[in-house]
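Protein sequences appear in the order of chains W and D. Heads up, the first sequence is in the working numbering, so the first residue is 232 and it goes up one at a time. Heads up, the second sequence is in the working numbering, so the first residue is 12 and it goes up one at a time.
Because the hints were derived from the structure by calculation, they are not lab data. Keep in mind the model is a prediction, meaning the values are calculated, not measured. Among the clues, some could well be false.
Claimed, not checked - Calculated cross-link-like contacts (lysine-lysine; reagent style DSSO-like; alpha-carbon spacing at most 30 Å): (1) W:K344 <-> D:K205; (2) W:K341 <-> D:K332; (3) D:K214 <-> W:K306.
To be verified - So these bits of chain W aren't anywhere near chain D, every CB distance computed over 12 Å: (4) D281; (5) P300; (6) S310; (7) E330; (8) S332; (9) K341.
Cβ coordinates follow ideal geometry from the N, Cα and C atoms, glycine included.
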Amino acid sequence: MRKNFKQWLANKSLLTALVLALAVVVSPFAQAADISPERQKALIHQLIQDCGSCHGLTMKGGLGPALRPQDLEDKDSESLADIILEGVPGTPMPPWDFEISPGEALWLVKIMKEGTFNAQ
Amino acid sequence: MPNRFLDLKKFWLFLIPALLLAATIGGAHAGELRGTGDLGIIIERAASRIQIIETTTQTKLFTVEGMGDLSHASVVYSRDARYAFVFGRDGGLTKVDILTGTIVKRVVQGGNSIGGAISQDGRLVAVSNYEPGGVKVFSSDTLELVADIPAVYDGDMLSKTVGLVDAPGNRFVFSLYDAGETWIADFSNGDTPKITKFKNIGKLPYDGLITPDARYYIAGLFGEDGLSLLDLWHPEKGMRRILDGYGRGEEPLPVYKMPHLEGWAEASGTLFLPAIGRHEVLVLAMNDWKEIGRIPVHGQPVFAMARPDGRQVWVNFAHPKNDVLQVIDVETRQIVKTMTPGRAILHMEFTPRGEQIWVSVRDRDVVEVYDTATMEKIAELPADKPSGIFLTARANKTGL
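Make a model of the complete structure from these sequences and hints.
Written out as structure tokens, the structure reads:
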């Protein structure tokens, strides 16, 4: 059941990756530059506070896994963005697509991989 | 008349040395003698700092700096309620003298800790760790390591540990999130614990509580619609499922912050618990552990805290509804008040007899104090991104 799900996720990730990749090429909406500074600030606040309640405020891990640069470097950005948007059913990881857009999810993955936000 | 004069002279003879003595003692301890019964701690998460507060006149007494990473920090108290043991996310365990506002000792004991407990006799402090998964036990006196209990399962896997509480008989009880187990570590025969393991208690236990009578341990399950119950009077009977299928097979709603089971309400033999994946508070009968009701609330409840007399239950919520506070009247099981103090209401704590409740409102940088009879705000204290609030009455409660 769990395995099937992972497979499903992998397939789905591939699809989303394609769509996202297309979106990145075709549409400027998914570009970080298009996320306003206020929205970027709000997203960082959310990353630290809301995501931090499970992943640790410094992304060192908690009930959810660690999300530091070294934890994410080998992982595909689009799949990670997909997890953020869709969640992982059967685990506490909830879907965030009700308030985070695909472009914003990718941007979150980017700053998590770079580790370029201040834990406050 | 002369007699009187003599008395007066005697009086001064006594008073002057007494005053001098008082001044010396007072000077040395930077304050007058006082008890700790109305004291408590507010965690200022972002600032690595705690405030020591006093609830009689709602004032701050001290701030203590240099506490490390205080995200998700929690506190237990020594049995004399003078020392606080603060558990930080960075694995820091700090012993603080709340009468002087100073750090007595600080050790970094693990990579990523989630909370702790103190033994019935007050001798041992246990810390629950996510990384490396397990429980470490320290001397409350020296903070030296007494026992290390790695949460090993499936051969060589380490599980995150959650829901750590103390139980009568110098026992600690906790659950293994990844393994779906509950363990008892019994220290009644000294520093080498006897471990009893309960396997297959259910998927992804995320927190645990001990009932106010210190008899039952309940683990909340994330992966399943139900809870797992252990009778600590009869551990040989094993754990059993209660409230099985309380979700009635409906798809659970997403949970944006994990609920805590700590704030049970025991009123007329009932227990109030936050449901998981549904916007409800569950009501259980404690005699047969059956559901006797559920109360629809504003969002995913995080804490459902009972006033010490059991008449009210105050509930806060997960993101994105964490700006609301609701009060349930236990008798009618109705919501009698809904308030919006501000974004990120993270924690609540009643004064020991329940006339006040202290509420941290993180994004407004304040702790609010309410009169629980009128449900009106009576004070507000500035605090830098406040999270947990822990009053000394916890010193005398099993499981806290």
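Sort out which numbered hints this structure fails and list those numbers smallest first.
Hints 1, 4, 7 contradicted; others consistent.
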